[in-house]
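**Q** Sequence:
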Amino acid sequence: MQIMEPTIYSIPNMLSLLRLGLVPVLVGLALAGLGDVFLLILVISLVSDVLDGYLARKLNQTSELGAKLDSWGDVLTYASMILGLYLIWPAIFSEQAAYLFAAMLSFTVPVALALRKFGAYPSYHTWGAKAAAVLIAPAYYVLILYAADDFFRLVIMFHVLVAVEEMAITLMLKQQRTNVGSVLSLAREFSQRDR
Numbered sequence: 005m006q007i008m009e010p011t012i013y014s015i016p017n018m019l020s021l022l023r024l025g026l027v028p029v030l031v032g033l034a035l036a037g038l039g040d041v042f043l044l045i046l047v048i049s050l051v052s053d054v055l056d057g058y059l060a061r062k063l064n065q066t067s068e069l070g071a072k073l074d075s076w077g078d079v080l081t082y083a084s085m086i087l088g089l090y091l092i093w094p095a096i097f098s099e100q101a102a103y104l105f106a107a108m109l110s111f112t113v114p115v116a117l118a119l120r121k122f123g124a125y126p127s128y129h130t131w132g133a134k135a136a137a138v139l140i141a142p143a144y145y146v147l148i149l150y151a152a153d154d155f156f157r158l159v160i161m162f163h164v165l166v167a168v169e170e171m172a173i174t175l176m177l178k179q180q181r182t183n184v185g186s187v188l189s190l191a192r193e194f195s196q197r198d199r
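My numbering applies: residue 5 is where the sequence shown begins, and numbers increase by one.
Keep in mind the hints are simulated off the structure, nothing from the lab. Hints should not be assumed to be uniformly reliable.
[Unchecked claim] Dumping the calculated DSS-like pairs for lysine-lysine here, alpha-carbon to alpha-carbon at most 27 angstroms:
1. K72 <-> K121
2. K121 <-> K134
3. K72 <-> K178
4. K134 <-> K72
5. K62 <-> K72
6. K134 <-> K178
7. K134 <-> K62
8. K121 <-> K178
Starting from the given sequences, assemble the full structure and let the hints guide the process.
**A** Here it is as structure tokens:
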């Protein structure tokens with residue numbers, strides 16, 4: 005896949021910027037305790053997350069900047085989701101505290117490792133991370149709307165596995181890069197280079 009020169013004005017980047025712009029809106033709604041509106045705006049944010057990567061590939065508008073905007077949008081959206089639980093649905097937050105802590109670690113530990121090694125935020129966008137991002141939305145809504153936590157907990161455990169894979173990728177790489185499919189694809193790439 006060809007990586008284009010960074011331009012902020014591509015459609016995928018604008019969608020990522022929209023998602024970043026919705027974060028303060030989500031925080032404000034959480035502070036105001038407006039759960040229904042919070043969930044509605046969150047849907048818009050999560051749909052933009054699905055669309056930005058798809059459109060970047062479809063329109064051949066992938067870029068390092070786009071990968072970084074997408075990653076920052078992910079982290080800040082997930083943080084606003086946790087804040088929403090804490091402020092709007094405190095009982096659910098308390099019941100899921102251990103899993104939420106695991107989720108926070110699954111985001112912060114791989115980032116800390118990459119920052120320490122490369123001085124840069126990791127934007128690997130592995131297949132596992134993409135699947136985890138798709139799964140977290142329905143898991144979050146099922147948790148809130150139906151008080152069913154089994155699916156949510158499974159998705160969080162999957163996020164932890166994704167974090168382990170991202171840390172393995174960081175340890176394997178000699179220099180920072182974006183868009184690594186998986187630890188297995190990276191291992192195959194390294195073994196082909198060594199031939």
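**Q** Run every hint past the structure and note whether it holds.
**A** Structure-based check of each hint:
{"no.": "1", "hint": "K72 <-> K121", "result": "holds, 17 angstroms"}
{"no.": "2", "hint": "K121 <-> K134", "result": "holds, 23 angstroms"}
{"no.": "3", "hint": "K72 <-> K178", "result": "holds, 19 angstroms"}
{"no.": "4", "hint": "K134 <-> K72", "result": "holds, 15 angstroms"}
{"no.": "5", "hint": "K62 <-> K72", "result": "holds, 18 angstroms"}
{"no.": "6", "hint": "K134 <-> K178", "result": "holds, 23 angstroms"}
{"no.": "7", "hint": "K134 <-> K62", "result": "holds, 16 angstroms"}
{"no.": "8", "hint": "K121 <-> K178", "result": "holds, 9 angstroms"}
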